[in-house]
Structures are given as structure tokens and as C-alpha cells.
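Trainee: The lines below spell out each chain.
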Amino acid sequence: MTSSPTLLAEEGIDLDEAIATNRPTRRSLGRRLHLDTAAVVGWTIVIGVLAMALLAPLIAPFPPNDTDLRARLLPPGVLGGSASHVLGTDSLGRDVLSRVIWGSQLTLLVGVTAVLVGGLIGVTTGVVAGYAGGWWDLVVGRIADVQQAIPFVILALAVVAVVGASLLNLILVLGVGSWIFTYRIARAESLRVREQPYVEAARTLGAGTGRILRAHVLPNIAPPVIVVATLFVPQVIIYTAGLSFLGLGVPPPAAEWGRDIAQASEYLRTAPWPTLVPSAFLVVTVLGINLIGDWLRDVLDPVERSR
Amino acid sequence: MAGYLVRRLILSVFVLVGVALIVHVLVLLSGDPARAILPITAPPALVEAVRHQLGLDEPLPVQFALFLGRAVQGDFGTSTRFGTPAMAVVLDRIPATLALALTGLAISLLIAIPLGTLAALRKGTWIDAAARGAATAGQAVPNFVFAQLLILFFAVMLRALPVSGAGGVEHLILPAVVVGVASAAGLVRVLRASLLEVYSREYIRTAFAKGLTERGVLVRHAFKNAAIPVVTWLAFDVAAILSGIVVVERVFQYPGMGLLAFQAIGNRDLPIIQAVVFVSALAIVITNLVLDLVYVALDPRIRVAA
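The listed protein sequences correspond, in order, to chains A and B. Numbering (this note's numbering) for the first sequence: 1 to 307. Numbering (this note's numbering) for the second sequence: 1001 to 1306.
Worth flagging that the hints you see were computed from the coordinates, not collected in a lab. The C-beta atom is built at its ideal place from N, Cα and C for all residues, glycine as well. A portion of the hints provided could be inaccurate.
[Stated by the list, open to error] Sample of chain B residues with no beta-carbon within 10 Å of chain A, all distances over it, derived:
id : residue
1  : V1072
2  : G1077
3  : L1158
4  : L1212
[As the list claims (entries may be wrong)] Going by beta-carbon spacing under 7 Å, a handful of chain A positions derived as facing chain B:
id : residue
5  : D145
6  : V146
7  : A149
8  : I150
9  : P151
10 : V153
11 : I154
12 : A158
13 : I238
14 : A271
15 : T275
16 : V283
17 : N290
18 : I292
So here's chain B without its partners, still in its complex pose (with noise of 0.2 Å):
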């Protein structure tokens, strides 16, 4: 089990290699960085200096390896566009952008996890009807509309909550709803048909057949069950959460990560989108560790195969 969880965490610093990988990539791409830096009308003799000093006249490899090394110091430039260290600039928004994330998280497991449960154990009713009902309004409304008839209804025609911009937390709810609502109604489906698969096996039954109450067979077979194909989603739900988080601080004007990002295209503010990608993928591997300590803990098989 220690080496299994000691390869995912190798497998991790690999990924975020390969990230650094796909990000130098993307600069490559965008043409000469040495020109993009010095005015046009640069001598050639000061392009190649500069060239050099960027290191873009050694091999691909060495560049990359260059690249790499700066990246695991955080240094990926300074921002074009705000004169500063890209990395403390996005280090600046994260707390904004992490608020969101939580609360929105913390909303959809409030709403889904009894209404996906109550869905699977009343299955047929109109507690089932509802509970579906509602999870497939839930994911035919885009975020952005959803966040637009928000707007409309509660900072227009209610004038209850501010619609745009940061500051206490009037100014998180709306955006976090939008994400936990977007969350919620897939974990609904995903928990309700995870459940009822469970609910068919055999095992069940016997917990049914030696005794146990409803309350009894959910919590000591079912809800551990159910839990893989949850925590598999979740983990897939955690990037849908921080791309949902760009839109949606687009629409609200919140000033997180996500806003900073979507204002660096309009200024090919490269430094800031690389850091960008990087702190988020480095959120994503910490979620996946954490959650594959869970399948660990839940699935005895995976813990044997490792």
C-alpha cells in the first residue's frame, strides 16, 4: 500500500513535468519570445543577446530543462502587462479563487448528497421525479445563463446582492451558487445511479436478510459502495469546478485567477497564463492524491493489486 501511494505521488511530479511540458510547448508556439520582449525596431545583433540570455539558442531539451527549473521556483516571467513576478501576481488571486471554489464545493455536496440518496432509496416516486427533474434542468443551463438570470433576478429586479466585483461575502454568494448548482446536478445523477447499482448486488439483500435497518445497510454497505464511481466523478469534477470558476468570475467580474487569466489573452500576458495553468494543475494533482488515498481506504481490491 506505501508503494502504491509512493508510485501516485512519482506519477504526480511526473504529470506536473508534463504539464511544464505542454506550457513550454505553448510558448514555443507563440513565435519568438526575444521579440516579443524588445521594440521593433531592436538591432538584430541586440536580439541575438537577448536571445541569448533567454537561452534560446541552446537545444530544445536544454531549453526545456532551463524552463523546468525556473518553473519549480515559481519563475515563469514577469507579466507584460502588470511589471511583476507572474507567479505573485496569480499568488495574489488565489485566496479569492479558493473561497469560491470551497463554497461552491461545499453547496453541491450540501444539495446532492440527500437528494441524490433520498432519489435512489425512494426510486420511483415523486421524490425521484423531482430529484431527476431537477438535476437535468441543472445541467441544461450553462453556467453563464444561469449566472445571467441570477443577475437579472436578484441584483436587477430584487436589487437584494451585488452583481459584480469582490469584497464580503454578498459578493460570493451568487458566484458560488452558479458553481455549486453546476456541480450538484451531475453528483445527483452519478450518486442516485451508483447507489441503485448497489442496491442490486447480492450483498444487500443479505445485509437485508441478517437484520439490518434501511439506516443500517446504507451507512455500513451502500454509502461505501456507492462511493467509487463518486469519488471517481469528483475527481473529474474538481477541474469542472475551476473551468467553470473562469467563466463564471468572467460574468461576476470577481477578481480571482480565473478573471486574471481571461484578461491575459486580450494582452498575450503569457507569463500570467502559464502560471496559471501551473497553480491550477498543481491543485488538480493534490485533489487526485488526496482522492486516491480515499480509494484506498474504500476499495480493498486496489489495495491488494498495489
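In isolation and in its complexed conformation, chain A is listed as follows (with noise of 0.2 Å):
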């Protein structure tokens, strides 16, 4: 905390100069931009997971679908199971690890592209919504309110019965359902900051919206809306595997985290490894998007670095 400009008035200091360089500055990229352990952290993990997915048909070791019913439910390789499938088999004899590379594919492919639909949808409505209010703030959130009344999982069991489980459905589901939570955090801060002095300070030295938009409102509701992104990004990539878990998600025998930890969870007991494996993979992925969305937070916003 800097000392109050009363304090540096008194010590001889210029108010005006100590105004103007407390002032937050921008940074020059490279410090912006500057990793802390977690982001390397979160950043190598995402990384690796995207080579991986990228990479599955020259990094796995078996066709994803490859059955072999004399090795059903191996151990893993350092565990006494067979040196040939490292992280083990499944209970079709499936190797644990090339299934896991594989359905990597699916779970990030379906996440990405719902969340950048649905925060696409979710700030353009939100923001205008927000600041502009009028019919537009009254229809899209009524249309808000009608869906947010109904839970997500809730709703995808209803679509799903009706129009049957495919990888389409799954990302409209999943695209459509998600874009509520970046419409109600950028019309709820658009809201507040419309009120803030600075905003009525540029209205009453006649700046327009686009400009008030731009140089005052996107700034300063950034910082929680991406708070809220971050908190989704992770959430609609477990929603995916939790929709898979279901069985609504991509249909058998593609490869997929959440369905394969269904499927395997049948032998929790006595053969937990296609069951852990994949939900390991699972919850590290989204402990690095969650690190790295972090690490967005505190670049995006240097205020809140610095105090």
C-alpha cells in the first residue's frame, strides 16, 4: 500500500507528480506477462495435454480400440501386470494408457469448443445487457432466467432423451448451457460500473458508448468476468466427462475420460486402475487450466497484483 497523498504532501512531494506515478502504469509485455511457478506449472500440464492429444496416433501404444480378452483388467506394468500395457488394461482388455491419449481428443475438444460459444454469447449479451439496458436487458434475461432455472445436468438428461446421445448434441448442450455464466457476471459488473463516478465523469464530457464500452466498462468488469470464465473453463471440461460419466455424452467405443471412468468404475473394487487413470489425467488437466486461468487473473489485472 502507498502512502496517502496527504502523507506526501506534508514530506514536500509533488501531489500532482505522486498522483500521476501512482497511477497504474502498463507494463511493458514481458513483465506482464511474467510467469510464477504455478502458471509454468499450469502451462506445462496444458501443454502437455494438447501435444498428447494432437499426437495420440503416433505416441499411443494400441489402437484405442484394440480388445484383447486373455488380458481383462491388468495391473499396471511396475504392478505385475504386463510390461507391454504400462498403466494396465481394461475390463475388454483395452490398454489403459493409449485409451486415456485417445480420449483426451474428445474431452478437450468438446470443452474448448463450449466454452468459447457459450462466453462468445455470454459477454456480448452481458455488456449490453448491462449498460445499455432497455428491451434488450428484458429479453435475454428472461431467456437467461427460463434456462438458469433449470440445472444443467438436469436439462442435458432431458434434450438427451429426446434426441438420443451424440458428440454434436453433446457440444451444443454443453455450448448452449454455458453461456448464462459469463452473461450474468458481465451484466451484473456492467451494472455496478455504469453507477461508478468515472463512467458519469466520460458521459458528462461527452464520450459515447462505444467508447465508454471500451476504454471503462470491458476494463473494469475484466477482471471477475474472467474470474468466472476461469471457473468454467475447468467446469465445462468436467462437465463434459460428467455427461460422458452419464452415458450422455459421446456414444461407445470412442474414447473419452468420463465415459472410460464410468465404464471402469463397475470394478472399482477389484481392479481400480482403469477407473484412476483416467481420472487422474482428468482432475490434472483441470488443475492446469485452473492454474493457468489464475495466472490470466493476476496478469489482466495489475491493480489487484500490486496491492
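Please dock the two separately framed chains into a single complex, following the hints provided.
Mentor: In C-alpha cells form, the structure reads like this:
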């Protein structure tokens, strides 16, 4: 915390200069993007998982659906299993490591697509609704109210019960299901910022709506919106896996972490490995994205960081 | 202020009509209900008769009005699996789910409020680091994974708690812990961030300057102002808790509304699914009305603007 202007004045320091230098300045990009340990861990995890997903055909030791009924539910190689199945096999004798590597593709693809779609819709509708208000706010708000009144998984259950489980349906359900989260916070924060003195001042000075949104509303709503969006990126990935876990996602035999966890959990007591391995990959991936989210928040909110 | 609340009440009714519309569209998308009821060999005349009886030959708005009329009375048709009114089947399961939700929420608040407050007040210390670490870890573990780990540890290794079914309090513990921890992980972060934001404000500095103790500032100024984002977050979390409960009930075979809905998919038991969608929407609408009252109490700007 810096000293108050009065104290500075008492010490003979020029007040205007003090205020000028006390203003949050734009740091050089290099400094702003400074990585702390957690961010390095997060990026390493996420880049690793992305590489795994992209290189799956090259690095997976077996095809994901190669069954071997003579080698069912093997423990990992180091725990007395077969040396060729490093992380063991599942109930159909499929190589767990290969399933996990291939499974990352669907989990990430679905999660990321859904978040992008939902976030874009949410911020756009939310900022306009919060700042401009009027009929737009009313209409979008009521649509959001209706949708928000239905718990996401229950909505997904209802939709899948009718239209069936498929990759496209899963992405659509997740994408349309996730816009509200960014919409709500973007709207609430825009409402708050709209009433702030600096926005009133800008309005009084004749700034147009576009300029106020860009220069005052967006930068000031960004930190909380990003926190919420960050909370929601991994959330969508978890929901992706969760819906697959419930059998609402991609139909078998496609490799997907959530579905593999559900299928293997039948054998949890006797053979926990096929459950634990994809679970661990899911947890670590989500953790990695969470760490990047925390870092992004710090980078985008230098005032918060300097506190 | 009364006008504000009346408006919210009208909106709640509107929301429920909207939910009914969505549910009705789902039914329309699912194909011809008359053919679903009748055997494949039914003669066309019989199909037409049933369609007429169900009002399916009416224009769509009329069909929706008829559907809405039945929905208001809690009539979503007969469960194809149980052969009894769908609403009665769902109502039977509500106490179990309500017990799970409330216990989960209580666990969440008991963990998150002390932890989030401590983390904010002791920002940068090991307490803060531990609380944030726990929250980060909690958010990284999906409820179904956490549930499997609890089953593996408490039920298989320790043999201390039952892993599935319902009955006494012991059947509630593991599912409620999963629901509560998932909620608490988010709540700790929101509360901490919200309190830190409040503590950076000048009125807090003023409060300290006029001699209030740390406790006084926290209770009289910080909590009240930090509560608004937390309440917003809780409004979402109720839906998230209900979502999580579907998964948790499935994992623990806990016989609530969520497990019922999950099993209804396999049977394409649409009346059950409709009733579950409606009941959960009703629960959320009621919660939101309560939270509206909290907003009014917390934020004078909302009171004045309304």
C-alpha cells in the first residue's frame, strides 16, 4: 500500500506528480506476462495434454479399441501387470494408457468448443444488457432466467432423452448451457460500473457509448468476468466428462475420459486402475487450466496484483 | 420496493411458463406421443382417435395451452415405467434429494465461510495459500471422481460407510460430502476475492481510521458489501448443486430425484423427465425469490433503482 497523498504532501512531495506516478501504468508486455511457478506448472500441463491429444496416433502404444480378452483388467506394468501395458488394461483388455491418450482428444475438443461459444455469447449479451438496459436487457434476461431455472445436468438429461446421445448434441448442450455464466457476471458488473463516478464523468465529457464500453466498462468488468470464466472453463470440461460418465456424451466405443471412468468404475473394488488413471488425467488437466486461469487474472488485473 | 418484489414474482411465473414451453417442445421433438402409447400394429383410425383424445390435432399454441393447464395441476401424464402419475413418483423421491441438497449446502457453508474469510484477512500468509490450494484442488476434482475415491477409501478399504442405497444417516454422509466439497471449493474463492475487493475500498479505510476493530470492520462493513457477489454466486450454485446431485445419486445409487431422472432416460420415460425438470425449476425459482429479498436487504442502490 502506498502512502496517502496528504502524507506525501506533508513530506514536500508534489501531489500532482505523486498521483501521476501512482496511477497504474502499462507495464511492458514482458513484465506483465511474467510467469510464476504455478503458471509454469499450469502451462506445462496444458501444453502437455494438448500435445498428447494432437499426437495421439503417434504416441499411443495401441489403437484405443484394440481388445484382448486374455489380458483383461491387468494392473500397471510396474505392479505386476504386463510390460507392454504400462498402465494396465480395462475390462475388455484395452490398453489404459492408449485409451487415456486418445480420450484426451474428445474431452478437450468438446470442452473448449463449448466454452468459446458460450463465453462469446455471454459477454456480448451481458455487457449490452448491463450497460444499455432497455428491452434488450429484458428479453435476454428472461431467456437466461428460464434456462437458469433448469439445472444443467437435468436439462442435458431431458435433451438427450429426446434427441439421443452424440458428439454434436453434446457440444450443443454444453455450449448453449454455458453462456449464462459469463452473461450474468458481465451484466452485473456492467451495471455496477455504469454507476461509477468515472463513467458518469466520461459521459458528462461527451464520450460515446462505444468508447465508454471499451475504455471504462470492459477493462473494469474484465477481472471478475475472467474469474468466473476461469471457474467455468474447467467446469465445462468436468461437465463434458460428467455427461459422458452418465452415458449422455459420445456413444461407445469412442475413447472419452468420463465414459471410460464410468465403465471401469464397475470394477473399482477389484481393479481400480482403469478408473483411477483417466480420473488422474482429468484432475491434472483441470488443475492445469485452473492454474493458468489464476495467472491470467493476475496478468489482466495489475492493480489487484500490486496490492 | 414492493413493486420490485411483485415484478420478481410475476417474472417467476413467467419463468415457469418458459420452462413449460421448453419441456413441451422437447415432447414435440420426441415424436408422436400417440404412437408411443399404442402398439405398432394399432390401426390408423385408433391412432387418430388417441391423437384427438390427447389434443394432438389442435394447433400448436392450443396444444401448449392444454399442456400448461395440465402442468399447473402437476399432471405430466403417466410414467411409462411405473404406470402411476409421474408427479407422484417424483414427489416420492423429493425428501431424499432435499436431505442430500441441504446437508451438502450446510457442509459447503461450514467449510467455505471460515476458510474464505480467513484467507482474505490473512492474505499472503500460509493460511491464505492453504485455503487457495484446497479450493484449487477441490475444483479440479470432478464430483464423480471424488465420489469414487471416497468409495474406494471409506467403503472398500476402511469398510466404515455404506457405498450405495438409502436408509439412515450413514447413507447420506458420503454423497453429502461430495456435494458440499464441490460447492465449497468455488465459494471459498468467491468469498475471498469479494472480501479483498471490499477491503481495498476507501470506506473500509475510513472505518479503520475511525477506530473500528478488525472484527467490527468485518462484521459491520466488509461482510455486507462482500455478500452481493457471493449471493449472485449462490444463485448459480443451487442449480449446480442440483446438477451435481444427479451424478452423485447415480454413483451412490441414492434413490432420489436425480437417480430417477437418470433411469428414466433408459426407458425414455418422458413424463418422469418432464416432472423432474419442472420440480427442479420450481425449486430454483423459489430459491431465487428468496435471494431477491436478500439483494434488496443488502444493496440500497437496487432498492432505490427499483
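Trainee: Each hint: holds or not?
Mentor: We went through each hint and held it up to the structure:
no.	hint	verdict
1	V1072	16 Å, holds
2	G1077	14 Å, holds
3	L1158	13 Å, holds
4	L1212	18 Å, holds
5	D145	5 Å, holds
6	V146	3 Å, holds
7	A149	4 Å, holds
8	I150	5 Å, holds
9	P151	4 Å, holds
10	V153	4 Å, holds
11	I154	5 Å, holds
12	A158	5 Å, holds
13	I238	4 Å, holds
14	A271	11 Å, violated
15	T275	6 Å, holds
16	V283	5 Å, holds
17	N290	6 Å, holds
18	I292	12 Å, violated
Of the numbered hints given earlier, the model fails hints 14 and 18; all others are met.
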